[in-house]
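Protein chains: 2
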Amino acid sequence: MIEPIGNQYIVARPVYSKNAFEEEHKKKHRNHKTFLDHLKACCSCSSQKAKRIAFSLFPIASWLPAYRIKEWLLSDIVSGISTGLVAVLQGLAFALLVTIPPSYGLYAAFFPVIIYFFLGTSKHISVGPFPVLSMMVGAVVTKLVPDTGTAAMNFSNSSTVDEQKVMVAATVTVLSGIIQLAMGVLRIGFVVIYLSDSLISGFTTAAAIHVLVSQLKFILQLTVPAHTDPFSIFKVLISIFTQIEDTNIADLVTSLVILLIVFVVKEINQRYKAKLPVPIPIELIMTVIATGVSYGFDFKNRFNVTVIGQMPSGFQPPITPDVQTFQDTIGDSFAIGIVGFAVAFSVASVYSLKYDYPIDGNQELIALGLGNIFSGSFRGFAASTSLSRSAVQESTGGKTQIAGIFSAIIVLIVIVAIGFLLEPLQKSVLAALALGNLKGMLMQFTEIRRLWRKDKYDCLIWIMTFIFAVVLGLGLGLAASVAFQLLTIVFRTQFPKCSTLANVGRSNIYKNKKDYADMYEPEGVKIFRCPSPIYFANISFFKRKLIDAVGFSPLRVLRKRNKALKKIRKLQKKGLLQVTPKGFIFTVDDLKESDEELDNNQIEELDQPINTTDLPFQIDWNADLPLDIVVPKIRLHSLILDFSAVSFLDVSSMRGIKTILQEFIRIKVDVYIVGTDDEFIEKLARCEFFDDEVKDSIFFLTIHDAVLHILMKKDSSTSKFNPSQEKDIKFDFTINTNGGLRNRECQVPVETKF
Amino acid sequence: MIEPIGNQYIVARPVYSKNAFEEEHKKKHRNHKTFLDHLKACCSCSSQKAKRIAFSLFPIASWLPAYRIKEWLLSDIVSGISTGLVAVLQGLAFALLVTIPPSYGLYAAFFPVIIYFFLGTSKHISVGPFPVLSMMVGAVVTKLVPDTGTAAMNFSNSSTVDEQKVMVAATVTVLSGIIQLAMGVLRIGFVVIYLSDSLISGFTTAAAIHVLVSQLKFILQLTVPAHTDPFSIFKVLISIFTQIEDTNIADLVTSLVILLIVFVVKEINQRYKAKLPVPIPIELIMTVIATGVSYGFDFKNRFNVTVIGQMPSGFQPPITPDVQTFQDTIGDSFAIGIVGFAVAFSVASVYSLKYDYPIDGNQELIALGLGNIFSGSFRGFAASTSLSRSAVQESTGGKTQIAGIFSAIIVLIVIVAIGFLLEPLQKSVLAALALGNLKGMLMQFTEIRRLWRKDKYDCLIWIMTFIFAVVLGLGLGLAASVAFQLLTIVFRTQFPKCSTLANVGRSNIYKNKKDYADMYEPEGVKIFRCPSPIYFANISFFKRKLIDAVGFSPLRVLRKRNKALKKIRKLQKKGLLQVTPKGFIFTVDDLKESDEELDNNQIEELDQPINTTDLPFQIDWNADLPLDIVVPKIRLHSLILDFSAVSFLDVSSMRGIKTILQEFIRIKVDVYIVGTDDEFIEKLARCEFFDDEVKDSIFFLTIHDAVLHILMKKDSSTSKFNPSQEKDIKFDFTINTNGGLRNRECQVPVETKF
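Chains A and B, in that order, are what the protein sequence lines are.
Mapping of the first sequence onto the numbering used here: position 404 corresponds to residue 404, and the numbering continues sequentially without gaps.
Mapping of the second sequence onto the numbering used here: position 336 corresponds to residue 336, and the numbering continues sequentially without gaps.
Any given hint might turn out to be false.
[To be verified] Label pairs and their calculated CB-CB ranges:
| # | chain 1 | residue 1 | chain 2 | residue 2 | range |
| --- | --- | --- | --- | --- | --- |
| 1 | B | Leu57 | A | Phe234 | 39 to 45 Å |
| 2 | B | Val191 | A | Leu256 | 47 to 53 Å |
| 3 | A | Asp356 | B | Arg187 | 28 to 34 Å |
| 4 | B | Val191 | A | Lys235 | 30 to 36 Å |
| 5 | A | Ile188 | B | Thr242 | 36 to 42 Å |
| 6 | B | Gly551 | A | Asp356 | 17 to 23 Å |
| 7 | B | Ser44 | A | Ile467 | 29 to 35 Å |
| 8 | A | Ala549 | B | Leu57 | 25 to 31 Å |
| 9 | B | Pro318 | A | Gln243 | 28 to 34 Å |
| 10 | B | Phe491 | A | Ala479 | 14 to 20 Å |
| 11 | A | Leu186 | B | Phe241 | 33 to 39 Å |
| 12 | A | Ile244 | B | Asp691 | 48 to 54 Å |
[What the hints assert, rightly or not] Derived EDC-like pairs: lysine to aspartate or glutamate, alpha-carbon spacing no greater than 20 Å straight-line:
| # | chain 1 | residue 1 | chain 2 | residue 2 |
| --- | --- | --- | --- | --- |
| 13 | A | Lys514 | B | Glu24 |
| 14 | A | Lys545 | B | Glu679 |
| 15 | B | Lys456 | A | Glu682 |
| 16 | B | Lys545 | A | Asp677 |
| 17 | A | Lys545 | B | Glu22 |
| 18 | A | Lys497 | B | Glu682 |
| 19 | B | Lys456 | A | Asp37 |
| 20 | B | Lys18 | A | Asp518 |
| 21 | B | Lys28 | A | Glu22 |
| 22 | B | Lys514 | A | Asp515 |
| 23 | A | Lys514 | B | Glu679 |
| 24 | A | Lys513 | B | Asp360 |
| 25 | B | Lys18 | A | Asp515 |
| 26 | B | Lys26 | A | Glu71 |
| 27 | A | Lys513 | B | Asp677 |
| 28 | B | Lys513 | A | Glu682 |
| 29 | B | Lys27 | A | Asp518 |
| 30 | A | Lys543 | A | Glu693 |
| 31 | B | Lys514 | A | Glu23 |
| 32 | A | Lys545 | B | Asp677 |
| 33 | A | Lys543 | B | Asp691 |
| 34 | B | Lys513 | A | Glu22 |
| 35 | A | Lys354 | B | Asp691 |
| 36 | A | Lys514 | B | Asp715 |
No lab work stands behind these hints: they were computed from the structure.
Since we're looking at a predicted model, the values are computed, not measured.
Glycine included, C-beta positions come from ideal geometry on N, C-alpha and C.
Could you build all of it, start to finish, from the sequences and the hints given here?
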């Protein structure tokens, strides 16, 4: 038991070096698990485990039984209907990006949702077409089936160009689904831990920019080529600005009006959240009105706006993907699979963070992968999640994927029954509705200021991710961002704020010397703290800082001393100097020899330990030496390295630290390392860190232990007191602690007797 | 002053929370340097600084005056002659790799050495042609000036194919020199700190493999295409093995004999290093013999071996590089510049590590860059350092770049006078001599075993660097290795070995609970230590480990308690339960209501703090609750997080830690964070980490401070003792410390009185 004694911290124990401590407190022998044990644990099988795996494969089995029908169902239905409507509109719009007829977009908005309902782990994302992904598929389609000229693919001649395009889109979708499924099964979804909050925020904002740009062509009604290469966003923008005078004013005005109304109503929804039973389904209202107006006033013919046009009703038979096309599109499919997953996962984690439930990257991969395979087989195209649609699903009150099912039902109704009603709808209206929901994602720009205040590196990650993803495109941009982000971890530790510590308040507290006024630094002792791991990239920095802190380079001092010693020996040999146990006796007054002649030894020799066994006494290097032999005088006799925050060393840094320790030890500076844990020392021992010079007795438990040890050693050496007899001697002493309870300025004398 | 008291660690001071400490010890206000200050310091000018810069630009100014003529000059001359001879042989051999006439290789072995003598910082590397670099230049030459068909370049028609090739090689060399110079001037040489010892070792070993493979064609006398793309090494090997039957036996035998002799003599040189005045210059001897034998027995005609052939003597006029070619070769030049620098720097650092002198990456870049520009203008090709030649220069006793100058003089003599003597020399002899010096680099394979024992990650870096550099080629391989190496820094901290601590020896020492036998863990207190920085990639791991350590999920407990509270309120409203200050009074014995009907609240509400202000007493959640209301009982009342090794947090981890702290605080577990430095806390404050729940009073200086605080709090709360009156009360107490001096098993009672 430890007895609390008022508000006092009172400790009396021996000074512990690491070795002394272990002598007194025996360590238990621990069997560390080997790699084999881990493998066994991983591959072992039990009914418990099987059940857990089953549940993780079918998340629906765990959440559906806990569904609260009374309170959630209404929200889910309302949300599902709103989302379904947006899904219909977006499906139609994004099919245009794939360069296939709009009706195929509805399949992409239907099939993946069904699979995700059973297999997905996010409750809030709305699975289905995503514009950037659609553009990526569209780029492949355009590459393999150009609108003009001969088709690059060798399809049966009977099929039309549109059929060929649908075929290519479906094939790419299935292949990217297979890639996602494989990644999920192989548990490679763990890579998502490398997507930090800042990165996801920057990435989704960049995605929103891409979506914004991709919708501009519909709002302005311009013909813009599909680009998904790096830097393509600029090409698209240039293309748009050079054509700006061809803008269809009717489309632009319709879009702006709808955008304005949607923004205002969304703001109302947000502000009167508590008072409104359900948010106003503005998308639904606007679609109905816009369709009606467009039909009633015959916008198509009057203003030459582009409308959706013919909508075939019902489903089409499934197709077998073309294996030949697999070969030509493997690279693109990989990019589509990764970006699709990254977008879905990053949006899902925004909501999982907000509502605090876990999502599982591998399961998401499996759900999306199977969804894409299924969807592709039924002529849909690659699905992920749309940022705006997920925002609708969540903001209209969606609680679970039940909302997703209702949205799929809406899509189903449109597919099989009422699709034809949408035929007069302007494409620009679709685009405006899509944009109306991006506000939240774009508002993430305010993150920059917040992050700048909080953490410069995180801010940098956000900005660089955003720039990479906007400029390089989402696929390459994501890779570059992750690489950059990992680099920041190196940056963070690369220039550690090393500091010199000193004692505060004369107890066992050591703080940065610069921070407090009344500090005590024992004479000739330096306490140096490195607050980060030391490894190849910062070992030179660490060395430099250490040399700065002690004020001299130990190697230089060592060389000077060895040089001086050589000189003394040479003089002795020539009989110009006598060395007796009492000191030096000179036989000449002045030395005319030049330096060069004396140091005919190699530099390497100068770096060796100082060997004075042939001299009858120890040279005091800080005293004046005879005959103008000058060596730098150093006051330092002990150096304490506080390694409590050094979480690891690598081989490079171990070598570097050993070198510098040796240099200090060779000039008779005692080095102590404190605050390391046992494993750290074990590792050093394993790496042959210790030898005759650098011994494992340099480790002490705390700074204070080391300081006390140094003071004691100093004490006993100055009083010519033999430390080995110490244990038979008793002390009578009194400590004055300048302590006391908080808020009380008093001196409490503590008398301690042995 | 701190008085050492025998070997005793005796401390008596108040228990310090971070706030209490700062109240007693006022912090000094420190002006941290801003970015502007740093900029000023960087751009300030003084004569001192100008001198330092001048010295760093011309390293020769500092080392030449200190040159020890008497002891070094002989070694340098011997080394210079040996190296010069190897340089001649290698220059001839590597010119073959560039696909230009051998004599141009001599220029590449002459000009850069002159520049490096004045500007270089390494004392031991031998600057000049490097086989892999020569292959890279050769690939560009072959691309732009194919041997057959029309030249891709638009040179004046008067020039021959060889002249065109020399022109391209020179242009690429000048451009890569310009790139190196620019990098050096812009101080981008700092990137070399990312080349760790393990990486350099793996990289140079891979380079040795590339050289080995590149020389095979000369030893076997086969025609192999020049490849420098990724995976090209396999193509070269396949090409060699498919032609193996066309091997010229005479060349093979000559090479093997020479290789054997060189190995044996090198071994003798090594073993009798002390006894030999200078190492046997075996390369020189073998060249003379081989040339003589080849000439005497007319190998060329008798065995159809390939010999060097015609050697024009003297220099050729300088040329202006072709600016048009710059555009076509910028990418290749960049790769050549980087690889050339990386190889030179990595070899230089091997020797700088061995002989312990500093080298300067930026200065190396400037020296190599100017060397290449100079060399290219005189029809040389890109130079770096050859591993084998540098090994010769060092092993034959080279001390400084004076040896380099002598080697250049040898090359000069061959160029202007005696080149024709080498005409009958077999090319395979050149190759065998080059290989004879690779032993040291190839011996680095033994590093793998040593690194595996020392540090698994460093071993992994070595192996991956080697594989990348061999398979992907040196340029791309280097990039991949550096990226991988940075990733290992993330790996190292990604799965920290978190541990639960407990008190050892009843004083202020806390160690891993699993490590020692007689540990004391205060009841209801957990001390959790995380030994690494916490950031986006390990925050989930940290949370999981923490929950494992405490044994329950605080969020689950919070939700259960809130649910129970709802249930109680509902029962109270229905009159089935009365809540009085004394406790619950039931009016029914059994409750038939189902769980589902009760929890008609949203999950978010369940996660809010428990609000019992409407109840007349605090609920003791660990007591049995009425009416089968079950909540998990927890024994934990305090959690101490030891963050002394957490060197930084990022925004993701701060959010994660705040969430989990809140969850613990909401279920009435006091959380304390100890061991952080002040900056850490300041940063948390800046990031709005603290609020009404998570207060900045949770910080204590050490684990023991926090434990004592907890025990005192517990003590005063159980004895219904009002802590606010504490300061007026005096204690009489006795501590028994189970301490004593080392090696002495005794109990020293310490009596402390107020």
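Right, here's what the structure says about each hint:
The hinted range of 39 to 45 Å is satisfied by Leu57/B and Phe234/A, whose Cβ atoms lie roughly 41 Å apart. Judged by the Cβ atoms, the range 47 to 53 Å given for Val191/B and Leu256/A holds: they are separated by roughly 50 Å. About 47 Å separates the C-beta atoms of Asp356/A and Arg187/B, a value inconsistent with the hinted range of 28 to 34 Å. Checked against the given bound of 30 to 36 Å, the beta carbons of Val191/B and Lys235/A, roughly 32 Å apart, stay inside it.
Range check, Ile188/A to Thr242/B: about 38 Å between beta-carbon atoms, so the 36 to 42 Å window is met. Taking the beta carbon of each, Gly551/B and Asp356/A are about 21 Å apart, inside 17 to 23 Å as hinted. Hint check: Ser44/B to Ile467/A, Cβ distance near 33 Å, so the stated range 29 to 35 Å holds. One distance hint, 25 to 31 Å for the beta-carbon pair Ala549/A and Leu57/B, holds here, with the actual separation near 29 Å.
Restraint check, Pro318/B to Gln243/A: a C-beta distance of roughly 53 Å breaks the suggested window 28 to 34 Å. Phe491/B and Ala479/A have their C-beta atoms about 18 Å apart, which keeps the hinted 14 to 20 Å range intact. Range check, Leu186/A to Phe241/B: Cβ separation about 35 Å, and the 33 to 39 Å hint holds. Between Ile244/A and Asp691/B the beta carbon distance is about 50 Å. The supplied range of 48 to 54 Å therefore holds.
Between Lys514/A and Glu24/B the CA atoms are separated by roughly 17 Å; this keeps the pair inside 20 Å, and the hint holds. Between Lys545/A and Glu679/B the alpha-carbon distance is near 19 Å, which keeps this suggested pair within the 20 Å criterion. Between Lys456/B and Glu682/A, the direct Cα distance comes to roughly 14 Å. Compliance with the 20 Å bound is thereby established for this hinted pair. Between Lys545/B and Asp677/A, the direct Cα distance comes to roughly 19 Å. Compliance with the 20 Å bound is thereby established for this hinted pair.
Between Lys545/A and Glu22/B the CA atoms are separated by roughly 28 Å; this puts the pair beyond 20 Å, and the hint is violated. Taking the CA atoms of Lys497/A and Glu682/B, the gap is about 15 Å. The hint holds against a cut of 20 Å. The straight-line distance between the Cα atoms of Lys456/B and Asp37/A is roughly 18 Å, inside the 20 Å bound, and the hint therefore holds. For the hint pairing Lys18/B with Asp518/A, the CA-to-CA distance comes to about 17 Å; that is within 20 Å, so the pair holds.
The hinted pair formed by Lys28/B and Glu22/A fails the criterion: a straight-line CA distance of about 39 Å is larger than 20 Å. The suggested pairing of Lys514/B with Asp515/A is violated, with an alpha-carbon distance near 37 Å, which exceeds 20 Å. This hinted pair checks out: Lys514/A and Glu679/B have alpha carbons roughly 13 Å apart, not beyond 20 Å. Proximity of Lys513/A to Asp360/B is assessed by CA-CA distance (about 33 Å); at most 20 Å being required, the pair is judged violated.
Between Lys18/B and Asp515/A the alpha-carbon distance is near 14 Å, which keeps this suggested pair within the 20 Å criterion. For the given pair, Lys26/B sits about 56 Å from Glu71/A by alpha-carbon distance, which is inconsistent with the 20 Å threshold. With a CA separation close to 13 Å, the supplied pair Lys513/A and Asp677/B stays within the 20 Å bound. With a CA separation close to 17 Å, the supplied pair Lys513/B and Glu682/A stays within the 20 Å bound.
Restraint check for Lys27/B and Asp518/A: the C-alpha separation of about 10 Å stays at or below 20 Å, so the hint holds. About 19 Å separates the Cα atoms of Lys543/A and Glu693/A, which keeps this hinted pair within 20 Å; it holds. Annotation: proposed proximity of Lys514/B to Glu23/A holds, straight-line Cα distance about 17 Å (limit 20 Å). Between the alpha carbons of Lys545/A and Asp677/B the distance comes to roughly 19 Å, so the proposed pair stays at or under 20 Å and holds.
With a C-alpha separation of about 40 Å, the suggested pair Lys543/A and Asp691/B falls outside the 20 Å cut-off, and the hint is violated. A distance of roughly 15 Å separates the Cα atoms of Lys513/B and Glu22/A; the hinted pair therefore holds under the 20 Å criterion. Between Lys354/A and Asp691/B the CA atoms are separated by roughly 19 Å; this keeps the pair inside 20 Å, and the hint holds. About 38 Å separates the Cα atoms of Lys514/A and Asp715/B, which puts this hinted pair outside 20 Å; it is violated.
Against the hints set out earlier in the document, violations occur for numbers 3, 9, 17, 21, 22, 24, 26, 33 and 36.
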